[in-house]
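Q: Those protein sequence lines, which keep their order, are chains G and W.
If you want the working numbering, it's the position in the first sequence, counting the first as 1, plus 113.
If you want the working numbering, it's the position in the second sequence, counting the first as 1, plus 683.
Simulated from the structure, these hints should not be mistaken for laboratory data.
Treat each hint with caution, since some may be false.
EDC-like cross-link-like pairs, simulated, lysine to aspartate or glutamate; straight-line CA separation at most 16 Å [stated by the list, open to error]:
(1) G:204 <-> W:867
(2) G:151 <-> W:813
(3) G:599 <-> W:1070
(4) W:1143 <-> W:867
(5) G:599 <-> W:1104
(6) G:202 <-> W:809
(7) G:537 <-> W:809
(8) G:281 <-> G:140
(9) G:204 <-> W:809
(10) G:151 <-> W:1025
(11) G:202 <-> W:755
(12) G:242 <-> W:774
(13) G:599 <-> W:1065
(14) G:537 <-> G:276
(15) G:599 <-> W:1135
(16) G:115 <-> G:333
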Amino acid sequence: MKDLASCALDTATQRGATYADVRVVDERGRALATKNAKISNASDSRSQGFNVRVLVDGAWGFASSADLSRASVESTAAQAVAIARASAKVKQKDVQLVSEKAVTAEWSTPHKIDPFSISIEQNLALLQKIDSELRSVKGVTLAETNMNFRREKLWFFSSAGADIHQTKVTTGAGYVAYSFAGSEIQKRSYPNSFGGQWQNKGYELVDELKLVENARRIGEEAVALHGADQCPEGAFDIILESSQLGLQIHESVGHPIELDRVLGMEANFAGTSFLTLDKLRTLKYGSELVNVVADARQEHGPGLGTFAFDDEGVPAQCTPIISNGLFTGYLSSRETAALIGLQRSGGTLRAESWNRLPMIRMTNISILPGEKPLTGEQLISSTDHGILFQTNRSWSIDDKRYNFQFGTEIGWEIKNGKRARMLKNPSYSGITTEFWNSMDAICSRDEWTLWGTPNCGKGQPQQVMGTGHGAAPARFKKVKVGSAYKGN
Amino acid sequence: MLTQEQAADIFSRIRKYSTADEVEGLFYGGRSALTRFANNTIHQNVAEENYGVSVRTVFGGRTARATTNRFDDQSLKDVVKASEDLARVQEPDGDLLPVPNASEGARATQAVPSRHFAETAAVTPEQRAEGVGKIVSIAQKHKLTTAGIFSSSESIEAMFNSRGLNNWHTQTSAEISITMLAPDSSGWQKSNSPSVANLNPQVLAEIAAKKAVESATPREIAAGKYTVILEPAAVLDMTGFMFFDFGGLAILDQRSFLNNRIGKNLFGENISIWDDVAHPLQSGPSFDGEGVRRQKIHLVEKGAVKRLVYARASTEKMRKSEYADKVGPVEPTGHGFPIPNEMGEGPMNIVFESPRDPKSVEQMIASTERGILVTRLWYIREVDPYEKILTGMTRDGTFLVENGKVVCGVRNFRFNQSLIEMLSNVEQMSTPVRTSGEESFDMVVPAMKVRDFNFTEVTKF
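The shape of chain G in the complex, shown without the other chains (with noise of 0.2 Å):
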C-alpha cells in the first residue's frame, strides 16, 4: 500500500500540489435477512479502490479508482490535479488548513469474535428463530429479520508523512413485526428502527440484543396497537425513551452544529444551520441538565463513529458540544476549523468508501447521562401526566434545524406516576432550542445506551454514514403532541 502512496503523493506534488492525501479501502460486508420465514437477502460484497485528494492553487480535486495498478494510480493522481486546477478557476479565496502533526499509527476495533467467523448456517438459524416467534403471534401479517457485518481497512498516507492503517468491524441487528387490520398497519421494531442495534462491535452485539427473548412481546405489541386508542393532541410533559432520543440528538444537535453546513457548504442539498457562528458560547441551547458531547475516542464506547484517526489523519477527540445548558461547540474539520479560526480540527472528517470525498460527519454525538441516580421506572413514577414515546417512526426537520417532528411507534400515557394505556400513532413536534430548554430530568448511566444509525445521508454524490447517539431516557415539559394527525 505504502509503494502505491507513494507513486500516487508523488505524482500529485509533482504537477503542482501543494498538499496531497491518498486513502486506500478494502471493504468487506455480509447482509443477511429473512421474510416471513422465506430469506429475502443473502449477498456478501467485496470493495476495493483508493482516491487521491490534492490541494493546487488553493483549490480542491478528488479522483479516485477501483484500479490499483501503477498505471491508473499515476492517471488518478493526475486527473486529480487536473481537476483543481478547474475548481481554482472559481474560487474566491484559496483553501487553508490548519496543522496536524503526521503520525505513524495502527488501530482496530476492539472486537471478542470475529462476526464473519459465524457460520452463515448460525446467523440464519438464529433470524428463523426470531421470525418463528414473531409470526406465532396471532395478526402478526408480515414479519422481517436482519443482520449485517462490515469489515473496513483503511489506509491513509499524505504528502506531510501520514501513515495510518485502521480496521473497524461494524455488526447491526433487529426485526420488525407488521400488523395490518382493517384500514391500518402498524409495526413495531426491536431492539430499534432502522435495522434494529449497530455498533462497532463483533459477533458479540448479537448475543447481547436479547432478540429472540423480546420477539412475542413485540409481535404482540404491534397487534394490540389496532386496538389503542389515537395518541391525543395538545401540551403534554413527555418521555422519551433513548433510541428515540438518539435520534433527537441526531437531526436537531448534530447536524446543526456541522460546521460545513453552517459555513454554507451544504446549502443546496442538506441544507445550513441556525447556529451561525454569533451563538457558539453564546446561545442556551438547552436546560442546565443538557450536556452533549461529540466523541469519537474509543473510551466513549463502540459507536459507529468510534476510530482512532479521521479520513484526513487527525486522531479522535472529545469535543464539548452543549455544557450545562450552553453551545460550546461544533463539528469540524482543518479546512473549516481554519475558517473559523479554530486552532485544531475537531476530528470529524470521513468517508463512505473508497470513491467519496471526505467530509465532516457526526462522530458519537451523545447526550450524557444525569448525574443524580435516576432509573426508568423512577422517571415514570415522578411524571403526573405525560406521555412516553417508544422506537422511531417517523422523522422530519426543516433545512435549518430548528421545526422538527417526529413520530414513534407505540406511545404509553403516563398517569399519576404509572404507565396506563397503550396509544397509537404518537407524535410530537417542535422548535429546537425550545424543546432542549424545557428538558427537566434525564436518567442516570444505568439507563444509558450508546444506540447506532446506520443510514446517516448527506453531501454530493450522497453518502451514507453510521452514526452513534448515547442516550438514557428523558422528560421534556409541555410539549406539542399529535400535531401530525391534525386535520387528517
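Position chain W relative to chain G; hints supplied.
A: Okay, now just chain W, sitting in the frame of chain G:
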C-alpha cells in the same frame, strides 16, 4: 468504459468457476464526475471510475448474491465461492423460479430510445467549471450567494445468465442543481437529463435568483389548510412516496396502501399515471433486475388504480393468492428488483398523463384568490402508511398568492398531508415535464394546483 465484450468474457469466467445449477451476473458502474460549489466557490470537485459484478448462484431453490469490483481470476473465484457458500446452506425455497431465458419476457411494447450522448460522456472539469462560473456570475449580479452541483456521468448496466440472457444498457446523464441565497430567503432549481445539451445553467440560475430575491423578508402566515400551487419538484417528491406500493408483493405482504383499494376511485378523475421506460423524457434500461423487458403499464386510470407491476416470482404468488381476481391483470411486467430482495418490484419510470386542459404555473397563480406557491419540499417522511399521510417542510421559495398575484415570500411551513386526499383535490395541472428532486427518483410529472393542503406548523424562517 467496460465494454459488452469485456463483460461477456468476465461472465464466461464466472460460469467456469461456478458449480451452481444456474448463474447470473449483474454488471454495473461507469465514470462519473461532480463539481460542487458553495459561497460562489467550487469547494468540492470529484471524479470516480468503478465497475462491479454481482454474481447470483442457484442450487435447487436456494440462491444468494455476492459482489466484487475486481475482475482478476482470483477475485472472480472468490466472489463465486462467496455466493455459493451463502446459497448452499439455505433451506430450499419451493417458490424460487429458474433464471429467465433469453426470450422470456421479451415482449417489449416499444423501442427505448438511445440514452447515450457522446457530448455528455466527454464533459470535462473545465466545462463544468465554466458552467459554474456562469451561475456564480448571475448570483453576483443579483448580490446573492450560490451553492449547487454540476455533474456528468457515463454508465453501464448489464445482465447475463447461464440460460443465455445477455442484456446491455449504456447511458449518459448530466445534472445541475442551484440554490441562490439571500440574507433571509432562498431560491432553487434543478434539472437532469441524459444529454447535457438539455441543461441550461444560466436559465436555471436566473429562475433560482428571482425566487430568492422575491421571497426576501418573508412574512409569517398562520398554518392551516390552503390552496397550494406545487411546482413539479414538489409534486415529484410527494408522489414518489407511493409507487413502491404498486408492486404485487407489497399487496401480498399487506404493506401497501392499495390493499383493498385496487379498482376503486382513489384519486380524482383527472389523475392518470403510466409506467413507461420508453417515454422520450424517461431514463434507464429497458430491462429489470432479472433481465426481463419492462412493459408500459397504465397504473392509474382516471383516479382508479387499475394495474400493479410484477416480478416473475410475485406473479406466481399472486396467481395463487386470495387477491388474484381483485388486482387487475397478473403477469410479469419487467419491474422486478435483483433477487434476492425484500421489496419484489416497483415502477421506476413514472409518467403522469397530460391533462386535457393544461395550465401553466402562471395561469394557476392567476386563477388563485388566496394560496401558497411552493417551489420545493424537504425531508418528507411517511407518518401513516395506509392513509399515506406524509410530513415535510417547504423550502427555497415559498410565496403567498393573493388575487391572482404572487404577493410576497412567506416563512416555511410543515405539512401533514394525506397523499390520497392530495391527489383527490387537484384542480389544475400543467403539462408534465422531466423532473428531479431530492426525495424521489426522477419522473415525468406536472405542476399541480391543489385545494385544502394541510399545513400544520410554521418554522422560524
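Q: Flag every earlier hint the structure violates by its number, smallest first.
A: Per hint list: 1, 2, 7, 11, 14, 16 violated.
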